[in-house]
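**Q** Protein sequence lines correspond, in order, to chains A and E.
Start counting the first sequence at 1; every next residue gets the next number (the numbering used here).
Start counting the second sequence at 331; every next residue gets the next number (the numbering used here).
There could be a bad hint or two in this list.
If you only want the chain E side, here are some residues facing chain A, beta carbon under 10 Å, derived [as the list claims (entries may be wrong)]: (1) Val341; (2) Leu346; (3) Thr349; (4) Tyr410; (5) Pro412; (6) Ala416; (7) Trp444; (8) Pro828; (9) Lys834; (10) Gly852; (11) Met865.
It should be emphasised that the hints constitute simulated quantities derived from the structure, not laboratory data.
Nothing here was measured: the structure is a model prediction, and the numbers come from that model.
In this text, a Cβ means the ideal position worked out from N, Cα and C, and glycines have one as well.
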Amino acid sequence: MPHQQVKFYQTGTLTVGNRLLDKAQRTVQATMDRSNSLDSGHRACQGCGEALGARYAIDAAMRATDNQLIAANATGCLEVFTTPYPESAWRIPWMHSLFGNAPSVATGIAAALRVKGRQDVRVIAQGGDGGTTDIGFGALSGMFERNDDVLYICYDNQAYMNTGVQRSSATPGSARTATTMPLGAEPGADFDKGKNVPLIAMAHGIPYVATASVDRLHDLEAKVEKAMSIRGARYIQVFVPCPLGWGSKPADTVKVARLAVESGLYPLFEAEYGELTSATKIRRKVDVADYLKLQRRFAHTLKSETQLARLQAVADNNIRRFGLIDEQGE
Amino acid sequence: MNKPFAITLDVGSSLLNKTGSWRTERPVYLDRLPPCNNACPAGENIQAWLYHAEEGRYEQAWREIMKNNPFPAVMGRVCYHPCEKACNRVHLDDAVGINSVERFLGDQALREGWQVSPGEDSGKRVMVVGAGPAGLACAYHLRSLGHQVTVYEASAQAGGMVRYGIPKYRMPREKLKAEIRRIEEMGVEIVLNTRIDDIQSFQQANGFDAVFLAIGAQQPKRIEIPSDGSVQQLDAVGLLRTIEEEEHVSLRGRVVIYGGGNTAIDVARSAIRMGATQVTLLVYEAREKMPAHEMEIAEALEEGVEILPLRAIREIRDGRLKLEQMVDGEGQWPQASGQFESFPADLVIQALGQQVETDLLQGLVGARVEDDALQVDVEMKSGCEGIFAGGDMVPSARTVTTAIGHGKHAARSIDAWLRGEQYHKPVKHELVDIEKMNTWYYTDAPRTVRPMLDIVRRQSGFAEVVGDLDEINAAYEARRCMSCGNCFECDNCYGVCPDNAITKLGPGNRFEFKYDYCKGCGMCATECPCGAIKMESENI
Numbered sequence: 001m002p003h004q005q006v007k008f009y010q011t012g013t014l015t016v017g018n019r020l021l022d023k024a025q026r027t028v029q030a031t032m033d034r035s036n037s038l039d040s041g042h043r044a045c046q047g048c049g050e051a052l053g054a055r056y057a058i059d060a061a062m063r064a065t066d067n068q069l070i071a072a073n074a075t076g077c078l079e080v081f082t083t084p085y086p087e088s089a090w091r092i093p094w095m096h097s098l099f100g101n102a103p104s105v106a107t108g109i110a111a112a113l114r115v116k117g118r119q120d121v122r123v124i125a126q127g128g129d130g131g132t133t134d135i136g137f138g139a140l141s142g143m144f145e146r147n148d149d150v151l152y153i154c155y156d157n158q159a160y161m162n163t164g165v166q167r168s169s170a171t172p173g174s175a176r177t178a179t180t181m182p183l184g185a186e187p188g189a190d191f192d193k194g195k196n197v198p199l200i201a202m203a204h205g206i207p208y209v210a211t212a213s214v215d216r217l218h219d220l221e222a223k224v225e226k227a228m229s230i231r232g233a234r235y236i237q238v239f240v241p242c243p244l245g246w247g248s249k250p251a252d253t254v255k256v257a258r259l260a261v262e263s264g265l266y267p268l269f270e271a272e273y274g275e276l277t278s279a280t281k282i283r284r285k286v287d288v289a290d291y292l293k294l295q296r297r298f299a300h301t302l303k304s305e306t307q308l309a310r311l312q313a314v315a316d317n318n319i320r321r322f323g324l325i326d327e328q329g330e
Numbered sequence: 331m332n333k334p335f336a337i338t339l340d341v342g343s344s345l346l347n348k349t350g351s352w353r354t355e356r357p358v359y360l361d362r363l364p365p366c367n368n369a370c371p372a373g374e375n376i377q378a379w380l381y382h383a384e385e386g387r388y389e390q391a392w393r394e395i396m397k398n399n400p401f402p403a404v405m406g407r408v409c410y411h412p413c414e415k416a417c418n419r420v421h422l423d424d425a426v427g428i429n430s431v432e433r434f435l436g437d438q439a440l441r442e443g444w445q446v447s448p449g450e451d452s453g454k455r456v457m458v459v460g461a462g463p464a465g466l467a468c469a470y471h472l473r474s475l476g477h478q479v480t481v482y483e484a485s486a487q488a489g490g491m492v493r494y495g496i497p498k499y500r501m502p503r504e505k506l507k508a509e510i511r512r513i514e515e516m517g518v519e520i521v522l523n524t525r526i527d528d529i530q531s532f533q534q535a536n537g538f539d540a541v542f543l544a545i546g547a548q549q550p551k552r553i554e555i556p557s558d559g560s561v562q563q564l565d566a567v568g569l570l571r572t573i574e575e576e577e578h579v580s581l582r583g584r585v586v587i588y589g590g591g592n593t594a595i596d597v598a599r600s601a602i603r604m605g606a607t608q609v610t611l612l613v614y615e616a617r618e619k620m621p622a623h624e625m626e627i628a629e630a631l632e633e634g635v636e637i638l639p640l641r642a643i644r645e646i647r648d649g650r651l652k653l654e655q656m657v658d659g660e661g662q663w664p665q666a667s668g669q670f671e672s673f674p675a676d677l678v679i680q681a682l683g684q685q686v687e688t689d690l691l692q693g694l695v696g697a698r699v700e701d702d703a704l705q706v707d708v709e710m711k712s713g714c715e716g717i718f719a720g721g722d723m724v725p726s727a728r729t730v731t732t733a734i735g736h737g738k739h740a741a742r743s744i745d746a747w748l749r750g751e752q753y754h755k756p757v758k759h760e761l762v763d764i765e766k767m768n769t770w771y772y773t774d775a776p777r778t779v780r781p782m783l784d785i786v787r788r789q790s791g792f793a794e795v796v797g798d799l800d801e802i803n804a805a806y807e808a809r810r811c812m813s814c815g816n817c818f819e820c821d822n823c824y825g826v827c828p829d830n831a832i833t834k835l836g837p838g839n840r841f842e843f844k845y846d847y848c849k850g851c852g853m854c855a856t857e858c859p860c861g862a863i864k865m866e867s868e869n870i
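Next up, chain A with everything else stripped away, as it sits in the complex (with noise of 0.2 Å):
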């Protein structure tokens, strides 16, 4: 009797894990002995999308590396609700200094190792956007022109949360923070104001540039993985939502996420030495609006036409410049 030859797994690679998935093929958050880098009782709020995503990349490196791994951290929120000095959530190396500087001393760290002949130790500097985008944005800049060993992990929240949810140079057109209230007749934050890292660094031509998001696990640790297996300067941007300064559910952190994705709003891609090699596709694509009435900054913009369709034309200009959606679609 004919049949077809399928491999078809319940899940597939949407969940953490799956059973009916070759081991190789599962994620390092599934496995029993995962690192757990950040561990429990750190002071982060309820959902928070950024402890997930921390935890997701440092893990994913960890295993990458066998374990050699050093974080230089910026000041944030990240910072802040994991070391309450003297105590911290972290279980790897890890240093903060200050809130502009992680890049340079990422790049100390590396060039220190370089010197004790090293290799199989590796660098990561990590922060939020606040500190990546704007306040260390030169040091950032530098380290990448400089092509210094180090993967630099981006967690976007799109605002400065640890200080009282203030704008960001990665905050959206109209998003409420405390500093684009939603008043006049443009409420929230402006449009075309603002910059995309990611293509910032693309454009200082490093070996690696990636985004990624918190819904999208499998594509996450990927991207870690292929970062680690890299030298030089590398820089990835996870997409974490932030319940208490977006008005979110903390329930619905992970599905926020999903549907900034699935808009297109937030377009994950790949990029090395500056070419664009790959992009995730949008599975089920929805409208923008659907992202948006998750998100107490948003609520206004649900109310206004004009903000709706501009935020409708960032995403579907991202699907159209990063070809989020095949040809035939699915």
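Since the structure of chain A is provided, determine the placement of chain E on it from the hints.
**A** Leaving out everything else, chain E in the frame of chain A:
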């Protein structure tokens, strides 16, 4: 103090900080009742056996079925699978082909010769009357519980209506025989050609501790049609029995079947196979109100059966039927229209339902027969002490699956009664509907189409119509199960917890919350694909 330069405090771990105290709601793992299990009249744990089948552990899957149903190869063919109608997967694409996987597992067991052992001897003896699905299921479960069982059957073969009412093209006899033989090999004795007229005296004379009655409903209901005798009339049950007992039965000419139920369809499809030139179903109800199952109707139409709905036969004269057209009354019985037509026929087969042979029950003190059925309580007890009953003879949907469920339920009640106890059905878990699930995670997968035998082959003989799934298809189909309400260890909760507050206990052992650290964000519950986590308020 021996600390490095500028260091004044020992390094501490965040584990000292018990963030669980922040919580206002706590996540709790639970098993919810999948809709398939809820719909199964035999009470199968479908989700559980599909779970084993997904990984190719077919024997374990089969043993899970056998806990509730000793006839997977039979039910994988003749069950009308209410489970599939209830399946939550319809909200994504199409229901899981549960029935075809059950059939594959049933056949696999027969190929491999898997067997079930009887229970430890209880010293009790139970007599079962009727070797149909209810009686045999009851015997099987009683034997599993350690009782000695003898089944008495009036016919020459065991199987009841599965053998004498369901044609071979739906139920190949060797599969039925093999599954019955497996029950006999457990030590159940089946005595054929033995009709028992006085149940209680027979029980006493032979020293049985309890009795299970399952004689079915085998008497055809007939209506008198004024006739000059020019057209032969038969009844459906009798004809199906004749087909079963005699090798070659042939029909000629124009055959009319009067009735719109599953038996009518079985007879119509059999008539096609026996050489009738034209087979017409005259149905009293409107086409969409026919009681037969849609799938059966569709297959009958494919094979060339013609259906004339809203017709009543008023008279038979000169080789023709006088039909009155009926008008569909909204929600009521069809109404006579006063419009008549003439229809030529060589044979009329009445298929208007069956009734219970109640004569047998006359002598039972306390037994109550109402609405053509023996009344039983929730424990399947008749009013007569020590006599239990089930299957088509008690009020029920009169399907094979219901009968098998009755047999199981009665066996458990009898077992409790023999020990001087009462049987209580386990409390059902809360039902899981699609809103409690996160279907994003299930990958798209079209339903495997069961290979169908060539239409021509179907029409020319009694070969089985619906084909098998092979092993790859069966595993594929099983994997379409969404495991509604029951953890399938996808690791999502373990992964998405921002507080690392879940312990993975290893394959098969699921997970545990670390309530010392869980902040109660609820992400695990939102991202659980199958709805196996619930948030409960903390008492603060």
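**Q** Against which earlier hints does the structure fall short, listed by number upward?
**A** 4, 5, 6 and 7
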